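**Student:** Chains as they are written, first to last, in the numbering used here: chain A, 11 to 409; chain B, 472 to 840.
Fair warning: there could be bad hints in the mix.
For lysine-lysine, the following DSS-like pairs were computed, each having C-alpha atoms within a straight-line distance of at most 25 Å [as the list claims (entries may be wrong)]: (1) B:Lys597 to B:Lys825; (2) B:Lys597 to B:Lys829; (3) B:Lys704 to A:Lys348; (4) A:Lys139 to A:Lys348; (5) B:Lys752 to B:Lys733; (6) B:Lys704 to B:Lys597; (7) B:Lys825 to A:Lys139; (8) B:Lys829 to B:Lys806; (9) A:Lys139 to B:Lys829.
None of these hints come from the bench; they were simulated from the model.
For clarity, every value in this text was computed on a predicted model and none was experimentally measured.
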Amino acid sequence: MATETRNARGAAAPRGASFSLSDPMFRAAFYQIVVVGAVVLVGWFLISNTLDNLERRSIATGFGFLEREASFGIGESLIDYSPRDTYGRAFLVGVLNTLKVSVIGIVLATLLGTLIGVARLSSNWLVAKLASAYVEIVRNVPPLLQLFFWYALASDGLPAVRQALNPLPGVYLSQRGLWFPVPSHDPIWQAMGIAFAVAVIAVIFLRRWAAARQARTGQPFPTGRIAFLLLLGLPLATWIAGGAPTALDMPVLAGFNFRGGLVISPEFFAILIGLTVYTAAFIAEVVRSGILAVNWGQTEAARALGLTGGQTLRLVVLPQALRVIVPPLTSQYLNLTKNSSLALAIGYPDVVSILNTTLNQTGQAIEGVTMIMGTYLTISLSISLFMNWYNKRIALVER
Amino acid sequence: MTDNVQTAGATPDMKPPANTVGAVAWLRQSLFNTWYNAILTVLVLVLLGSAIPPFVDWLLVRAHGFDASSPACRAATDGACWGFIGEKLRFILFGTFPYDEQWRPLLTIAVVIALLLASCDRRFWKPWLALVWAAGIAVVAILMWGGVFGLSYVENSRWGGLPLTLILSVIGLAVAFPLAILLALGRRSDLPAMRVLSVTYIELIRGVPLISLLFMASVMFPLFLPNGVSVDKLLRAQIAFIMFASAYMAEAIRGGLQAIPKGQYEAADALGLGYWQKMRKIILPQALAIAIPPLVNTFISFFKDTSLVIIIGLYDLLGTAKAALSDPAWRGFYKEAYLFIGVIYWVFCYSMSKYSQKLERDLNRHRRR
């Protein structure tokens, strides 16, 4: 880095303190003290004003309000919540809703984005043009506008609850959301979960053993197929052993709304589709540039070695493309998570929308904004840490 | 370049084989070259065939014209209702700006677009461009606020629509740019205090969603200011945008700074230039040229993000469209409204993105062989 060399040069400059601005050491210290001083002064000015204003408006500071009863309802939550619960629990509901929409959005956007990125490189002219039209249209329209459009489509464009569309038995589509049946509660689901976890652990050991064996003897082992069988078979066997329960929890119209089953609300639908469609356009470009970055000679060399198409992709092309793809992909994941805060505009109860309600009710503006920022900084940092770890794992190791 | 090698008259000019040129060959090569591409082509054609005719039907054939009334549109529901745009056009474009004075925001839009177009021409990239911008911003302020030259005063709570979108993004950008340069220099500085401050600021802003900054601007700014002093909503949003844009632009400029070879710094040091001389004369001109494409990208996303001011109750283009939709007479015509403003946003963003691609090609010309 250039910084170190210049530091070294600075240190080699005239010895002893001469208190003049022509002395680099003194100048550096002087400027830094001036800037830090200015920042501290401005900070002190803002904080003293804030304390003064808080006192004047008699707003209590601190996070004590989190213990108080929230007394507002939340449309959808992953954990049990009622208006009698505390603000703290409401905040937790919001964080979980944000995570839910981000995680599902990231998975869907990655799938759709990869598909479109590959389609842009298709030798089929029609497919390639269609994919680039998608990217150019979606990228250049504000995400909030797209969100409003999807929300209007999901809430306005569909019939009322009583006239709900019923495309499949048990599935209802209305402006209040999409209802569908889910398997009703049974102890077997827990057992199947444990079976799946056991299968995952078994696969990890199988992979290690297979890699060690191949290193020792050169014999490849069909790890992929066996892992697939284990992951699918073990839970399935548990299900059959438990008597193969097939009871379903069907949604039924009761009063003004459906009861039972699972529901996808129009708000969740709009934010999820909006984020997925928008971010996928950016991911498509990331994927395209990653694939283009791999020299065609690499594919030819792999074929010359006698690798099959799948092996070429898995062992030669993808590892090199990923190096180009992962860093910008991380930014897109972060963007999607941050953009999930747009949920506020259509009423999906994410963390921003819940804290907004909270700070309107309690007047705890500083704590509310701090909590919003803290939540996103934590999520962003976690994604960055994970992706950087992954990036380091796949990065090119030179000499 | 083999045509020079061939001696004239050695072989008669022959047409290329029929299966490598022409429409049929093109079709075969780009649509039906393999069996799965053929299936894909047919699938896509079926998809387009089932989507495009109904869309054109809705958009044009069965649509009601710009003079259609709401009841007429509601009676026949299978076509677009452009009467909505016809009636609400001036509200969507200019918000609640006094009706008779709406030539002023119209002129503002023209001034801003002229400024943007002028800045696109590389021949105008001279120091005086900054003066032109300052003058342009002054003209915009006079046009919008009025109160001088016989123009009536219009308070900025009545501004809205496209001028607001343009003012928030263009002025925000113009102010954020010098700040971003300082932040980027601070991040690359030798002085640890400057570096820590810049890094903290940039990472803090980039780690949170813009909405939370807008919130901060709308609910926390009043607490920050001394008692009795208040800043209006538009200015608060503008400050939030400047904070946001400067952090993102600083990162784009940092990329440019990092691309400058160390030799350039050393050469400047060897000439005995001071820090600011070195930066102004040697480093920044090169770094900014490299950083222009990412800067334009930042500008595009920033332009789109101004639509978020709707959340703190300002009526930019998206805000006015949504407000127009809440008129009971026109409720439900959201497709027309969103399509109309979507096209406006799209034209701005798409032309900027095309321009940035062209610029990138032009600026890289010296690197190609």
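**Student:** Output the indices of the hints that this structure fails to meet, ascending.
**Tutor:** 4, 6, 8
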